[in-house]
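S.K.: Chain B: place on chain A using the hints.
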Amino acid sequence: MKDDNPIRPTVASRSLSLALFLALLGIWELTVRYLNVPAFIIPKPSSVLLSLYTGISSGLYFWHTLITLTEVILGFLIGAGAGFFIGVGIAINRYFSYFVYPYAIVLQSLPKVALAPLIVLWFGLGITSKVIAAALICFFAVMVNTVAGLRSVDQERIDLIRALDGSEFQVFWMLRLPAALPFIMAGLEIALTFALIGSVVAEFLGAESGLGMLIQSMNFSMDVAGSFSVLVVLAIVGLSLNQLIGLVRRKLIYWERRQEASAVEPLESAESMDALQMPSRAIP
Amino acid sequence: MARLSNELVEMPHRSTVAEERAISVHALCKRFRVADGAITALENVTLDVRPGEFVAIVGPSGCGKSTLLKILTGLLAPSTGEIRIGDVAVEGPRRDIGTVFQSPLLFAWRTVLENVMLPADVQKLDRAQHTARALSLLELVGLSDFAQRYPNELSGGMQQRVSIARALLHDPSILLMDEPFGALDAMTRERMNLELQRIWLEQNKSILFITHSIPEAVFLANRVVVMTPRPGRVAEVMEIALPSGRGLEIMNSPEFGAYVSRIRAHFGSSGVID
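Each protein sequence line maps, in turn, to chains A and B. This note's numbering puts the first residue of the first sequence at 9, with every later residue one more than the last. This note's numbering puts the first residue of the second sequence at 85, with every later residue one more than the last.
If we strip away everything but chain A, and leave its shape as in the complex, we get:
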């Protein structure tokens, strides 16, 4: 691999982007200070940093982050789990597919955020409504990708196992499922981001705790620096979740890495490239 590969940041490129970021903060700070921008419109980075420090040191942000994280992870597990199993059902059983698919389509065409007020109304201000909102919003991404992945397997490989007198279960377990993993993982990555959106939106609409509720209440009290500092926390939460799922991805789809590890001879690996594509394409 060449050194100037933009995907692999070097120490130099990392420190450059850090320097640019700090410069940006400096310009922001100076602009707000000298143009006398009111703090309830745009706060100074220094006051955001201060709010962040108070929030963290008082343990307040920790508690609300824990609540939001719990909602996101529970919602993700429930939504993604349901998406996976229903996706499997749709892919392997035609009748199940006929039965479930129309409902899934209707659910998908609906902006789930629009359901959030109802969910909060029905399930209250506690954690349950947030978990359900998160689950609902990440369900479809996983389901579609599971179906697409399980159906992506070529007939020839299926025939290979059948010709060895393999069962349909073996075709599923030895071929369809591993072949679908890259697709499913792509769905899970999207779903995790969606779950965070789902729970924060539900918290906006009514919650006792959580980062979304914190932003909302700070907005009401014009504590914009506080809002910004919670945004920083949310960004860190989102990034960490992405890192985590990336880690799971590399563990689970261990053979993908080998693509980069240079080949013995150049090859025309059209098939293996197929499997690596990350479509979240709709079901044919």
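No wet-lab data here; the hints were simulated from the structure. None of the values given here were measured: they were computed from a predicted structure. The beta carbon of each residue, even a glycine, is placed where N, CA and C say it ideally should be. Check each hint, because a few of them may be wrong.
[Claimed, not checked] Sample of chain B residues at the chain A side, in silico, Cβ under 7 angstroms:
| hint | residue |
| --- | --- |
| 1 | T183 |
| 2 | W193 |
| 3 | P203 |
[What the hints assert, rightly or not] Derived Cβ-Cβ restraints for the label pairs, each shown as a range:
| hint | chain 1 | residue 1 | chain 2 | residue 2 | range |
| --- | --- | --- | --- | --- | --- |
| 4 | A | N250 | B | G331 | 55 to 63 angstroms |
| 5 | A | L115 | B | V172 | 47 to 55 angstroms |
| 6 | A | L115 | B | R211 | 39 to 47 angstroms |
| 7 | A | P110 | B | G176 | 34 to 42 angstroms |
| 8 | B | Q232 | A | V114 | 47 to 55 angstroms |
| 9 | B | R117 | A | E164 | 19 to 27 angstroms |
M.R.: Chain B in isolation, oriented as in the chain A frame:
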């Protein structure tokens, strides 16, 4: 055992009594229903493979070669006719057949060794015993050093050799090969032909080898079955009376050339074959 091949085609296979057959196909027809009626893929195909024999089927695309192979693996039922492996009529997939397809069809998430082990996993065979066998098969195809690699680290020719080792793992008596070297470049292909010949001589399998390359068929086979397209029919079965253990230089011999041009004559009217 020189025998006039034209005669063999017309002879009903029962009359060649008491001779053992690894594969016998008798009066096989296969029709597919399509939107406007039916198409006949195979018409009255009769051929056989003796134990330990290398038979090549050569024909242009559309002659039903791959359909024939699919029927032989038991994945597709014939419309009429009879297929026997040994003494038993084929009614579904069998465990004593190894198949090599046009593309290697390796599984990206399995190492080379695990790919070769696939038949053992599917048929729940003894793992320790077959791991040892898989390693010796990898040696046979010259890939011992690559056992722990993943398929995408291998070249196309190497991948196809892995798939040959995989086809041999469960020690099938019969090897079916569907244009296995069709996707390889000419030089790799010749090298693979030599290797396949060596493997066949070492392993004593009955091989049915489908190809659209006439020189490849003549080079490898004891007999060549020539098929013509639409519908697929056997035009001629030709005994190749060249010594076994052939080297590539045999392709320059006049006998080799004579076989090739005799087969090519079948396709003179229907255009190019390879």
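S.K.: Now tell me, hint by hint, if it's right for this structure.
M.R.: Do the hints match the structure? See the list:
no.	hint	result
1	T183	holds (5 angstroms)
2	W193	holds (5 angstroms)
3	P203	holds (5 angstroms)
4	A:N250 / B:G331: 55 to 63 angstroms	holds (59 angstroms)
5	A:L115 / B:V172: 47 to 55 angstroms	holds (52 angstroms)
6	A:L115 / B:R211: 39 to 47 angstroms	holds (45 angstroms)
7	A:P110 / B:G176: 34 to 42 angstroms	holds (36 angstroms)
8	B:Q232 / A:V114: 47 to 55 angstroms	holds (49 angstroms)
9	B:R117 / A:E164: 19 to 27 angstroms	holds (22 angstroms)
When the structure is compared with the earlier hints, no violation turns up for any of them.
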